[in-house]
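Could you build the full structure based on these sequences and the hints that come with them?
Chains as they are written, first to last, in our numbering: chain A, 30 to 186; chain B, 61 to 176; chain C, 18 to 266.
It should be emphasised that the hints constitute simulated quantities derived from the structure, not laboratory data.
The model shown is predicted, which means the values in this text are computed figures rather than measured ones.
Where hints are given, some of them may not hold.
[Stated by the list, open to error] Partner residues aside, some chain A positions facing chain B, computed with beta carbon under 8 Å:
(1) W75
(2) L85
(3) V88
(4) A115
(5) A132
(6) L134
(7) L135
(8) W141
(9) N143
[What the hints assert, rightly or not] Heads up, simulated DMTMM-like pairs for lysine to aspartate or glutamate below, C-alpha to C-alpha not over 20 Å straight-line:
(10) K65(A) to D180(C)
(11) K65(A) to E122(C)
(12) K253(C) to E206(C)
Virtual Cβ for every residue (Gly too), placed ideally from N, Cα, C.
Chain residues, written in single-letter form:
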Amino acid sequence: MSSHGHAATPAPTSSAQSHAPSSAYTEFHPRWYRPKISTYWWLGKWAYVKFILRELSSVAVAWTVALILAQVWSLIRSPKAYSQFARVMSSPWMIALNVVAFAFLLLHSITWFNLAPKAMAVRVGGKRLPAVLISGPQYLAWIVISAIVLAIVISRG
Amino acid sequence: MVNRETEPIFWTLFSAGGVVAALFLPIQLFIFAFAVPLGWMHAPGYDSLRVLAHSPITRLYLFVLCSLPLFHFAHRFRYTLYDGLQIKHLNEVVFFGCYGIAILGTVAAAYLMLIL
Amino acid sequence: MAQTIQLRVSRYSPERDTEPYFQTYEVPVKEEWVILDALNYIKDKVDGTLTFRWSCRMGICGSCGYMVNNEPKLGCATFLTQYAPGPITIEPLKNFPVVRDLVVEITEFLEKLKKVKPWLIHDDGNGAGEYLQTPDQLEEFRQHSMCINCLLCYAACPISGLDPIFIGPAALALAHRYNKDSRDQGSAERMAVLSHPEGIWGCTFVGECTRVCPKHVDPAGAIQQYKLAGAIDGIKQFLMPWGQRQEKQ
Chain A
30 MSSHGHAATP APTSSAQSHA PSSAYTEFHP RWYRPKISTY WWLGKWAYVK FILRELSSVA
90 VAWTVALILA QVWSLIRSPK AYSQFARVMS SPWMIALNVV AFAFLLLHSI TWFNLAPKAM
150 AVRVGGKRLP AVLISGPQYL AWIVISAIVL AIVISRG
Chain B
61 MVNRETEPIF WTLFSAGGVV AALFLPIQLF IFAFAVPLGW MHAPGYDSLR VLAHSPITRL
121 YLFVLCSLPL FHFAHRFRYT LYDGLQIKHL NEVVFFGCYG IAILGTVAAA YLMLIL
Chain C
18 MAQTIQLRVS RYSPERDTEP YFQTYEVPVK EEWVILDALN YIKDKVDGTL TFRWSCRMGI
78 CGSCGYMVNN EPKLGCATFL TQYAPGPITI EPLKNFPVVR DLVVEITEFL EKLKKVKPWL
138 IHDDGNGAGE YLQTPDQLEE FRQHSMCINC LLCYAACPIS GLDPIFIGPA ALALAHRYNK
198 DSRDQGSAER MAVLSHPEGI WGCTFVGECT RVCPKHVDPA GAIQQYKLAG AIDGIKQFLM
258 PWGQRQEKQ
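This is how it looks when you write it as C-alpha cells:
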C-alpha cells in the first residue's frame, strides 16, 4: 500500500504566518538518523574524485606562478643565479614534479573550456547555441596563444 | 570577510584567473620546464631573455599571468579545504591563508616587474 | 532471464534502532518491472512493515527517490533488469535525515524552497488582462521549469551534505526559472536571498546534480548562469551603490 504519509509532524501553517520555528517548545519528531559525513566522502564515487582532482589543479596553477616568479627573480639577480635556476629546472625530480603539474594544468584548461558553455546560455534566434560553439573558440584561442608565446620565445633564442 | 557583498568579487577574480591560467599557463610551463631544460629548443640566452623581459608589455603580461591565477587558486583552494576537509571552524584561517598567498604573490610580482 | 533478484533494502525504525541495517528480499523479475514494483511486491507479499514513499508511478510526482546502488534514482523509472543479476542495494536518499526505512525528512528543503520565492512576483497590472509571452520567451526558462522536486539532485550534491544550510540545486534552479520568466519582476528580491555564501556562491559546480536529474532540468547550468548574473549585479552594486537599482526589497 502507499506509504505516502507524512514523516514529520509540523502542523500546516497558513500562508500568512512566517516560517519562524515555534518558540514555545520543540515539536516532536521521531528520532531521525543523520549519518556523519566522512572526511573521505569524495572517495565514494568516481565523479567526486574527478571533482576533487579538478579542484586540486589550482595547486598546480599556484605552483606554476611560483616557478615564474622564481625565474624572474633569478633573471633579475645575475647570470649565475639564472643558470642555477636553469640547473634546478633540469634536475630529474623537478622534471618529474613538473610533469605532474603540467598534467594538472591541462586538466584545468580542458575542464574549464568544457564547463564554460554551461555558464553562458547564449541564445541565437531563440535556440540555444550548441556547447561546442562556445568551447571550440576557446580551444582555438588556446592553441593560437600558445603558438604566439612559443614563437616569441624562440625568436629571442 | 565572506559575506554576500564580497563573494561576487572573489568569484569574478576566480573566473578571470581561471581564464588566464587556462589559456596562458600551460605553454609557459611547457617551455620553461620541459622544452628549455630538456633541450627540445634552443635555450634563450640570459641577455636576450633580459631584453625580452624588460619590455613593458612583457612585464605587464607577466604581472597579470602571476597575479590573477593566484586569486583563482585562492578561491578554489579555499572551497576545497572547506568542503573536502570540512574544516568550517577554521574558516577565517583558511580564508586569510589562501588570499594571503594570493596577495603576497601579487605584491611580489608587482615588485619584480617594477625592478625588472 | 533470471527468475528472481535480490534486493538489499535499508531498514530503520526510530523506536527500535540506533542506526539502519540491511534486510535482503528475493523478488521476482519481470521485464517491465521497476524498483517501485519490487518494493510494492515486498510490501504486499513479503514484509508489510517496509515503508517508502511513492505516488504517481510515472515520474511526475517526485515522491519515489531512493539511492539505488549508491546512485540517486526514481523508483518508478529504474528497471530491475538493468541490475541483473543483482543484488540491488536500496537506501534512503543521501543528505537527508532518515525518518524510517526509505523515508527521509524533507522539511528543510521546503523551507529553502520558500526562501527563493518560487512564484511570479509582479505588480498587479491593474487588471490589464493576460500576460503575453512568445515561444522564445518561454524557451528561456522552460527547461528549468520541469523540476518535480524529487530531490535526487540534493542526494547527488556533496555540498548539500557537507553544508546543511546550502540552499541547494533544485531551489536555486527554480529561482533561476522565475528570474528568467518574462512575466516576473522579482529578480532583485531573489538576488538578496541568493547572492549569499550559502546560496549560489556555495556551489562549486561539481555537476552531479545535472547528471542525476530525471527531468533534465540542468540545475548546475542554471546556478552557473545565476553566478554570472550575481557577479555582474554584485560588482555593479560595489562600484555604484547609489546607482539606479530595481526595487530593492
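Each hint tested on the structure:
1. W75: Hint on W75(A): violated, closest Cβ of chain B at ~16 Å, above 8 Å.
2. L85: With a closest approach of 7 Å, the L85(A) hint holds.
3. V88: Constraint on V88(A) satisfied, holds at 7 Å.
4. A115: holds (7 Å)
5. A132: Result: violated, 10 Å to nearest chain B Cβ.
6. L134: OK, holds: L134(A) within 8 Å of chain B, min 5 Å.
7. L135: At about 6 Å, which falls below the 8 Å cut-off, the nearest Cβ of chain B leaves the hint on L135(A) intact, so it holds.
8. W141: Holds, because the Cβ-Cβ distance from W141(A) to chain B comes to roughly 4 Å (cut-off 8 Å).
9. N143: violated (11 Å)
10. K65(A) to D180(C): holds (12 Å)
11. K65(A) to E122(C): Holds: K65(A) and E122(C) sit about 16 Å apart, inside 20 Å.
12. K253(C) to E206(C): Between K253(C) and E206(C) the Cα gap is close to 16 Å, so the pair holds against 20 Å.
In summary, the structure is inconsistent with hints 1, 5, 9 from the numbered list given earlier, while agreeing with the others.
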